[in-house]
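As a plain string of letters, each chain reads:
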Amino acid sequence: MKIRIKFAKRGSLKFIGHLDVMRYFQKVIKRAKIDIAYSEGFSPHQKMSFAAPLGVGLNSEGEYVDIEVNSTTSSKEAVERLNQVSVEDIPILSYRLLPDNATKAMTLVCAADYRLDIRAGYEPIFDLKTAFTRFMEQESIVIVKETKKSQREVDLKPLILKYEAFDSYVCLQLVTGSVENLKPELVMDALYNFMNTELAPFTFQITRLEVYGKKSEEEDILIPLESFGEEIE
Amino acid sequence: MRKQALPDEILLSVDKPARYIGQEVNMTVKNLDEIDIRFCMCFPDVYEIGMSHLGIQILYDMFNQMQGVYCERVYSPWVDLDKIMREKNIPLFALETQDPIKDFNFLGITLQYEMCYTNVLQIIDLSQIPILSADRGEDDPFVVGGGPCSYNPEPIADFFDFFTLGEGEEIYSEVFEVYRKCRDEGLSRREILRKLSSISGVYVPSLYDVSYNNDGTIDAFIPKYEDVPQTIKKRIIMDLSNTYYPQKPLVPYIKATQDRVVLEIQRGCIRGCRFCQAGMIYRPVRERDVNYLKDMAVKMIENTGHEEISLSSLSSSDYSKLQELLTFLIDELKEKGVNISLPSLRVDSFSLDVMNKVQDIKKSSLTFAPEAGSQRLRNVINKGLTEEDIINGCSLAFKGGWNKVKLYFMLGLPTETEEDMKGIPELAEKIAEEYYRIPKEERIGKVAITVSTSFFIPKPFTPFQWSPMCTAEEFLNRAYIVNSHMKEMLNKKSMKYNWHEADVSLIEGFLARGDRKVSKAILNAYKSGCIYDAWGEFFDNQKWIQAISDAEIDVDFYTTRVRDLDEIFPWDFIDIGVTKNFLKREWENAKNEKVTPNCKVQCLGCGAATFEGGICFENKN
Numbered sequence: 001m002k003i004r005i006k007f008a009k010r011g012s013l014k015f016i017g018h019l020d021v022m023r024y025f026q027k028v029i030k031r032a033k034i035d036i037a038y039s040e041g042f043s044p045h046q047k048m049s050f051a052a053p054l055g056v057g058l059n060s061e062g063e064y065v066d067i068e069v070n071s072t073t074s075s076k077e078a079v080e081r082l083n084q085v086s087v088e089d090i091p092i093l094s095y096r097l098l099p100d101n102a103t104k105a106m107t108l109v110c111a112a113d114y115r116l117d118i119r120a121g122y123e124p125i126f127d128l129k130t131a132f133t134r135f136m137e138q139e140s141i142v143i144v145k146e147t148k149k150s151q152r153e154v155d156l157k158p159l160i161l162k163y164e165a166f167d168s169y170v171c172l173q174l175v176t177g178s179v180e181n182l183k184p185e186l187v188m189d190a191l192y193n194f195m196n197t198e199l200a201p202f203t204f205q206i207t208r209l210e211v212y213g214k215k216s217e218e219e220d221i222l223i224p225l226e227s228f229g230e231e232i233e
Numbered sequence: 001m002r003k004q005a006l007p008d009e010i011l012l013s014v015d016k017p018a019r020y021i022g023q024e025v026n027m028t029v030k031n032l033d034e035i036d037i038r039f040c041m042c043f044p045d046v047y048e049i050g051m052s053h054l055g056i057q058i059l060y061d062m063f064n065q066m067q068g069v070y071c072e073r074v075y076s077p078w079v080d081l082d083k084i085m086r087e088k089n090i091p092l093f094a095l096e097t098q099d100p101i102k103d104f105n106f107l108g109i110t111l112q113y114e115m116c117y118t119n120v121l122q123i124i125d126l127s128q129i130p131i132l133s134a135d136r137g138e139d140d141p142f143v144v145g146g147g148p149c150s151y152n153p154e155p156i157a158d159f160f161d162f163f164t165l166g167e168g169e170e171i172y173s174e175v176f177e178v179y180r181k182c183r184d185e186g187l188s189r190r191e192i193l194r195k196l197s198s199i200s201g202v203y204v205p206s207l208y209d210v211s212y213n214n215d216g217t218i219d220a221f222i223p224k225y226e227d228v229p230q231t232i233k234k235r236i237i238m239d240l241s242n243t244y245y246p247q248k249p250l251v252p253y254i255k256a257t258q259d260r261v262v263l264e265i266q267r268g269c270i271r272g273c274r275f276c277q278a279g280m281i282y283r284p285v286r287e288r289d290v291n292y293l294k295d296m297a298v299k300m301i302e303n304t305g306h307e308e309i310s311l312s313s314l315s316s317s318d319y320s321k322l323q324e325l326l327t328f329l330i331d332e333l334k335e336k337g338v339n340i341s342l343p344s345l346r347v348d349s350f351s352l353d354v355m356n357k358v359q360d361i362k363k364s365s366l367t368f369a370p371e372a373g374s375q376r377l378r379n380v381i382n383k384g385l386t387e388e389d390i391i392n393g394c395s396l397a398f399k400g401g402w403n404k405v406k407l408y409f410m411l412g413l414p415t416e417t418e419e420d421m422k423g424i425p426e427l428a429e430k431i432a433e434e435y436y437r438i439p440k441e442e443r444i445g446k447v448a449i450t451v452s453t454s455f456f457i458p459k460p461f462t463p464f465q466w467s468p469m470c471t472a473e474e475f476l477n478r479a480y481i482v483n484s485h486m487k488e489m490l491n492k493k494s495m496k497y498n499w500h501e502a503d504v505s506l507i508e509g510f511l512a513r514g515d516r517k518v519s520k521a522i523l524n525a526y527k528s529g530c531i532y533d534a535w536g537e538f539f540d541n542q543k544w545i546q547a548i549s550d551a552e553i554d555v556d557f558y559t560t561r562v563r564d565l566d567e568i569f570p571w572d573f574i575d576i577g578v579t580k581n582f583l584k585r586e587w588e589n590a591k592n593e594k595v596t597p598n599c600k601v602q603c604l605g606c607g608a609a610t611f612e613g614g615i616c617f618e619n620k621n
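Chains as they are written, first to last, in my numbering: chain F, 1 to 233; chain L, 1 to 621.
Simulated from the structure, these hints should not be mistaken for laboratory data. Among the hints, a few may not be true.
As a list, the in silico DSS-like pairs of lysine-lysine whose alpha-carbon atoms are at most 25 Å apart [claimed, not checked]: (1) L:Lys334 / F:Lys47; (2) L:Lys336 / F:Lys33; (3) F:Lys2 / L:Lys336; (4) L:Lys224 / L:Lys181.
Based on the provided sequences and hints, a complete structural model is requested.
Encoded structure:
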């Protein structure tokens, strides 16, 4: 059976890197006595895979991990049991059964919502709301993306699916995943560049709010990854 | 949201910020309104090392079970954060509440190795507590030391308000009780220390005067007041199956050095190797009940989610119920996906069978610690292991499919000759030849023998405490002899040789048998920028040499000097149970190449029977 677990990562736990979160979950699953399936071989490991790694320093209200189990309790009981053995700032939000032929969360990911809050003491010299609106009114937002090997020009605009700007924060829906991936920091870099100022490090506290996949091959409708599963009664 | 002592900007600029945020699984949270004693427990090394230490986990659990006491933790900030904290004048904080340590009642520091001494000063200094105990005021926490290095506390006596000698489980409820009473009476810091000194096992350095002879040795060590004890006897617990043990150990987020459940099966060691301090200071041997251990193992695995468990003791093969315990662990835990990581066991058919079950033979190796290259020298150090044991063990293992062997030795042992040194590669050669005695078609590839040597450092409370230590040049010369002789071996291609740094061994030797005068050198070294001396990449020999010479100290006095049998040692005021007379006898036996039997075979009257328990009494029923 395939299960999708949704969790949040809050407070100081934003400083725990992705690999450590993976190790943390292996232990949570064991403490909660979830009947997880193991791989074969001399040193078997839990069948577990994460949706989209979250950078160190980012909070999240919508992280996902898929696991495979031999048997399961109800969703309600599993969430309770998991939360009993979790730390306060990594609460388990849902535990849902996936169809047997479900695509892995990692492959499914195609967009994510972010909220970017200006930290105290980092207020910009411009008005965030108007600036962002003007920024998005451009026909294209071309930046030069530098990789280790090459430089290439990328138009950010089609990768920004939705946006809403406020006085002290911005909400963005960005293309995410293994094919195309836009980091929220890059959008802000481009914005500050557009405003002819430099983006100081740590200006924004970023929170990932949700991660989405396409509802089906045919329809271009985005739904949260947890909606691919069903509550177990 | 919980408090965070360091702003995001700092945490995002340093390596592994998870070292500084606390909030690990099984961390204790308490309501500060109900707390009247705040204790910060420190392991003066980086988080990943400190979090692997069992002793702190035990005391953390025990203190936090006490009403009114909140025990928190701190580890050494890594060099990157160290720099930032100094620049920005940020006080060092405890992980749990993230509150500054200077506001606590106690800062307890465990002293596991001498090379952490500058890190001790770093902790005190970054906490913004005066480094010298004499400079501390009424509002400063009491800085207390414990652990193996406090068996010679003199080199660091100036930095500590008091030490507790022995096992922490015994002593702290009394310390807290006396402290509370004194505080209620409104006593001053000095008065409180005086009261604490009456607790058995507590040593308050400021209450003693030391006078020296013209040659620099100690003339007398005298309490300043009549009510202050002349000798301090270590405290230990006798019933290890009926005491504190953390059922819910802390589980860090980042990978600690010891990323597994640690099950301590016994304390002490029956063997009596003459170089080994642990073998003397932890006497007598006390075992934990096997049923207690089985129960603990299951609970700790459930409460941590760890996927590995390891046994801890000085010599696990000597634990009387080892077979029963390991069989249980394999049967009970293996199928739950828990690995059993084996301590180095004596290689015999039983241990090979166990290894076969829990390890991948292709990856695992056999470990032997003969410590010396010849039987003569092994007799000198009282290491029971014979060449026959090693060859037979290897032969058995080779037939079972193993082909990797690790050998550990020491160079610079008392009476060591060139012949003894050459015995090291020769033993490796004999092992290799044993391997090639197996028919070719039954062998799995080549044999790989790794030989490692460390340099012998005489430690207090061992029969070798009278022994001179080699100079750095002499150490390297001996390593050179081993290395060149290895190249003459027939099977040299199957051998690899590693040797330890000589400079750092010398400083360790200097600190291990130091007296109060040595503290000045430690302070100088710290002030010149030395920290993390136990880390090869940070140890700066030049700075240490300069620090010692600025303190007008002659290193040779502490390292290479031949000590008189009747010399008063800085640590002589401590009573570990084992008597100085026994150590003297053993020093004589060593020089006569005479082996003494282990505690299970025969009692030699070392003195540990004064604790009225453990192995000293088991065999007499």
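Results for each hint:
no.	hint	in the structure
1	L:Lys334 / F:Lys47	18 Å, holds
2	L:Lys336 / F:Lys33	10 Å, holds
3	F:Lys2 / L:Lys336	20 Å, holds
4	L:Lys224 / L:Lys181	23 Å, holds
The structure fails none of the hints (numbered hints given earlier).
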